[in-house]
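A.B. asks: Turn these sequences into a full structure, and let the hints steer you where they fit.
Protein chains in written order, with our numbering: chain Z, 1391 to 1540; chain U, 67 to 755.
Simulated crosslink set (DSSO-like; lysine-lysine; CA at most 30 Å straight-line):
(1) Z:K1416 - U:K540
(2) U:K396 - U:K217
(3) U:K592 - Z:K1518
One-sided and incomplete, this derived list gives chain U residues near chain Z with beta-carbon spacing under 10 Å:
(4) S523
(5) N527
(6) K529
(7) F531
(8) S533
(9) Q595
If you anchor each label on the Cβ, the simulated ranges turn out as follows:
(10) U:D654 - Z:P1408: 37 to 43 Å
(11) Z:S1473 - U:E581: 31 to 37 Å
(12) U:D654 - Z:K1416: 36 to 42 Å
(13) Z:K1442 - U:D543: 46 to 52 Å
(14) Z:K1416 - U:D509: 35 to 41 Å
(15) Z:K1429 - U:I569: 26 to 32 Å
(16) Z:P1408 - U:E541: 19 to 25 Å
Note that these hints are calculated values from the structure, not bench results.
Quick reminder that beta carbons are idealized off the backbone N, C-alpha and C, glycines included.
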Amino acid sequence: MDHTEHQPVTILLVEDDPGHALLIEKNLRRAGIANRILKLDTGQKAVDFLLKQGEYRNDVQPMPVLLLLDLNLPVLDGYQVLSIIKKDDRTRTIPIVILTTTDNPHEVARCYELGCNVYITKPVKYEKFSEAIRRMGLFLSIVKVPEQGA
Amino acid sequence: MGAPLPGVTPLSIKGKLLFVLAVIGIILTSLAGYLIWNVRQISVQAAIARDGTGFLREISDIRLRLYRQMHALTRYHFFNEEDAKGDCEALGRELSAAFLRLRESLRVRSGSLHGTGAAGQESRDIINTRSLENSYRDMIIIIDQSFSQKKAGDSSGARRLINDRGEPLLDDVLLREMSKAIADKADDMLAAYEEISMRIGAMPWAVEKNRRRLQGIRLSLQYYLAVDKLSLQLNHQLNEAAAYIVTSHQRNLREFTESGAEVEEAFEESRKIIEAQIGLGMEGEKNQLQEVNSLLREYQEVKAIFNRAFGLKHAGRADAAFAVMDETIKPRGIRHLLPKIESIMDQNRNEILSAHVFLLKSIYLSGVLSITSVAIVALLLIAGTYRVIRHMVVAVERLSIGADRVGRGNLDHTIKVESSDELGRLASSFNRMTASLRDSNEDLRAFIYSLSHDLRSPLVNIKGFSSELAQVLKESDDLLDRAAGALPEADGRRLQAILQNEIPAALEFLGGAAERINELVNSVLKLSQVGQRELKPEPLDMAALVRSSLERHAEEIKQRNITVNIADLPGLAADRSAMQEIIDHLIDNAVKYLSPDRPGFIEVTGRRNGGETLFHIRDNGRGIATGDLAKIFGLFRRVGEQDTPGKGMGLTYVKALIRLQSGRIWCESEAGSGTLFTFSLPDSMKPGR
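C.D. replies: This is how it looks when you write it as structure tokens:
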């Protein structure tokens, strides 16, 4: 990870539905996550950002500490993003959380095969959703510890 | 459904086709049998005809010897040639032997032809032969007597005896009897050949060639008869001429003339027949024509000598006439012409015999060919038809099994296409239909899946933000109190009412509605995924599954005093979790819709029925109105009073699970008195997917 000490650790949220993005962000904040959250709304932008290409060619922002990825994305879908970043040495180690409405076991299995770390379905019951996001926040604060200590 | 009417056994397609095959087989077997019988009949007729030639030969043989014996007798008595007596006696012995042979051959023949329809001919032949033999015995007596008279010195008495009794006996009795025997036999033979000709017509091979051969044989027979007549009349003519010269009777002269006319006629007839034979393409008969012509020339020479002898007699020189008669005519006529005619007849008989053998060979060959070809055609036809039937029956059965499986929901089933004929095309069409069904099923499933999936996204927002809003409102309670306090009292209360009651209430409705949509979407998703379930059939204790379902309602059963009766249930191999879900839903329904007016009763029974197992779940609940029965398995359909919670997809799901296992479910009910759910599962569970 080539981020510098003074820059806050970034979470990259790739989500095309602004409502979902807002809800996820609110719940992460409520769970006590203070990291900068960078929101992108297509898979292509996420790949460009991570691989420093296209409109992010000259971007100097550090690699995110975590990637929150929706599966239904325009241009490149979540699976494609997943397989691209798992093939590139620069991004291979970024932890990935899949956040989606699909709970089809085949799709869950496919995501794990492609190398996602956690798979969370977006339940419609808001309480459950908040709970899931919050649990993720807790999980994030745990995984964050060694990063900050580095 | 489609059950045959009682008492009527419908014949399957296989049965009908086999029946047709059997009929074809019987017809062809009968045809072959008829052909065999026909050939057998032909061989019987052929035997009659062949034996006929033998008979003719014997008769001719006897006749020739009779001529010679009479000639020897005349030489002995009239010309005192002592050695002629020995000849006469030797010929007598030969004749006795010939008669014996004839009798013997008739005896053997009547044994072999017994019961063939030729018995009538045989007895007639025997009668003919017997009267011939009797007549000849008279002749022997005359001959012996003549010898005794001559020995006693009464030469003229012996001569008179020969002239007055011997010669008339030969001419008028023996020869005529022989002619009759010959004519009868020739008639038999002609009739036999006629029948053979008719029977050949029934055989499909080489008919024309054989018919021509037959015609040739018949002409040869007619020729034989004509020559026979020639021989008879010529002999008669010779005798009459001699008699006239000795006796000067006008009667002898008249007879001589008549016989001459008959001889000419016989010649003419012979020639005509030979010409007909040549016309038939029997080239060999040209020789015969030459022979007849040379015979005719010789006869004309003899006739010229007759005229000379008659001239001498009329001139009063009876002795000279007698000498001419004796020295020229008799040797030429009796020693040369008559034996020559006999040899022609002999030759002709041999020709008939060899033509006959040839014909028979050909007929047998065509008989064998006919029977063999009928047999081969029959075998090919039967084998071919059997193959076609088998092909059809197998294809139809395959289609029927396929239709059954596809009907039960196994859309992956394909039928083997083995031919490009109508049945093959039917199978291909069937497979295309199944594939198209499978595709649209797949499309529908994918559509339902993605639709429900896409519906969820906005739901997350609706539900999420209404919760956020409720949360924010709760967080702003303090601010609200203070803001309300700063307003005039009425406005403050109004603001509080809006923010604390109306908006939260609206948000609650919003959230509830979103939740309801979500449940529906989940149900549809669950339903759309039924087909993707992997079924693992295992032997199940159905009663245990039912008890496990009832366990979930133990409290309610106890409280509401519900009677539950589980009969001995037949065992079953099926997917455990699918069966548990099915039973759960049906038991839930039974418990849920019990009537509050009376003590509840639920009964679970089961039985084997042919290749399937039936289960019945009966309750005495509120029942379902007849008009609603058709709707209960529909998606999101809830019928009757809506006083119990439910999403209205339980039965739809149950039906999908049962169909997945190739089973059926149906419901009988009467509003107010109870409901009976019955489902069946086939023995060999073929997963629908």
